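Please model the entire structure based on the sequences and the hints provided.
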Amino acid sequence: MKTEALIQALVADVRPVRRLPRARQRCVNWLGLGAVLVVASASALGLRPDLAAKAQDVVFLGENAALLLVCLLAARGAFQLSVPEEARSASTYAQPLLALGLAAGLVVLRGHSATVGTLEPELSHGLSCIQRSAGLGALPVLAGWAMLRRAAPLQQRWVGLFLFLSAFSLATIGTQVLCNADGALHLLLWHYLPLLLAGLAGAALGEVAFRKRASPWPLRPGATR
Amino acid sequence: MEPHVDQRLAAWMKQAQDGDREAYERLLIEVTALVRRFVGARLGHAGWTDDVVQETLFSIHRDRHTYDPSRSFGSWMYAIARHRLIDWTRKRRRVLAHEELREEAPERASSSDPLLEHGALERVRRAWLGLSSQQREVIQQLELDGLSVREVAQATRLSESSVKVSAHRGYKALRKLLSIGTDED
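If you read the sequences in order, they're chains A and B.
Sequence positions in the first sequence follow the working numbering and run 1 to 225.
Sequence positions in the second sequence follow the working numbering and run 1 to 185.
Derived from the structure by calculation, the hints contain no laboratory data.
It should be emphasised that the depicted structure is a prediction, and the values quoted were computed from it without experimental measurement.
Treat the hints loosely; a few may be bogus.
Claimed, not checked - A few chain B residues facing chain A, derived, Cβ under 10 Å: (1) L57; (2) M77; (3) S159; (4) E160; (5) K164.
To be verified - Quick look at which bits of chain A chain B covers, simulated, 3 or more residues with Cβ under 8 Å: (6) 15 to 28; (7) 83 to 94.
Glycine is no exception: its CB is placed at the ideal position from the N, C-alpha and C atoms.
Structure representation (structure tokens):
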């Protein structure tokens, strides 16, 4: 079959399609859903007893605002990159990563200025924090994956990275309203490092996860429908 | 891309998204010429260029719901073409590396069968196994069982267009794999 015959086959196959809503709309929908999921899950798990006091704490609020910024910018990046378009600005890629650096930097600065005490409370509860983050982030990741897969992500690694960063930033905020430990080392080791690793895992999984998008025909030798 | 060309293609794509076949045909014909020029300038080999053009047409067809008529059509189309070109280049590199390894296999030289000595049978077998099960099924029914496209469509529960496209992809993959082997001989 030549290209001309292929065109005829594609034309014969054409039927009305439902246009994908704009990236911004899909992003807002996903963020809303993700926030509901995380808030509901965190409430079910039991909020930290001193949350009312922490809500007045500027440092606590600032650190979580930085995480929220990571979440928003990464979500925007993931949804923008999920549709084909030339000439993406460098800020699409750089902003979420800079925000993550800022979020971690705030904690490092606080840790640097704090009096060094015993390390034991800093290093404890780590596994439960990782479990909480993973549990809180899993559903938003799945929902985001389903929404992004319906689009056509060409840069799958970036989309995977930003989806995971966004979902797990939200999950980390959820973890911080559950976890009583506020030490800088604890946060860096058990809240922020898993967030970074989740982002890297998303980048690694992205290529596979988004390439498996259902297609009407096997596009490559060896591919199965 | 000239702005008036971009606007015309965007309008056709919008109509195609609503199911207009005439607009879609006009669009694909024009897109084919543009993508062929774009890819040809980078690959410089007519056969390879056609491969990438066809991959791009498939992607445009599959992902046409992602085009937003308020945005530039050219930007959308060239982004797809660029990525199909990158994918194709990577895939070809992998196939070549794989073939080089296979060429070094000792059993090929020790065979006493003239066909096997030339590696032809083995190449055909490998190429055949490189197809998807659906492609193999469709090609077998069309070529070996002598069924018509309609009969194959009924037997496989695919649309006739899908049967044609599957066969097309299979033939192309076979041709590519076999030509690579021949070139290296």
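Here is what the structure says about each hint:
1. L57: holds (6 Å)
2. M77: Holds - the Cβ of B:M77 comes within 10 Å of chain A, reaching about 8 Å at its closest.
3. S159: holds (7 Å)
4. E160: At 8 Å from the nearest chain A Cβ, B:E160 passes the 10 Å test, so the hint holds.
5. K164: holds (5 Å)
6. 15 to 28: Result for this restraint: holds, n = 7.
7. 83 to 94: holds (count 5)
Checked against the numbered hints given earlier, the structure satisfies every one of them.
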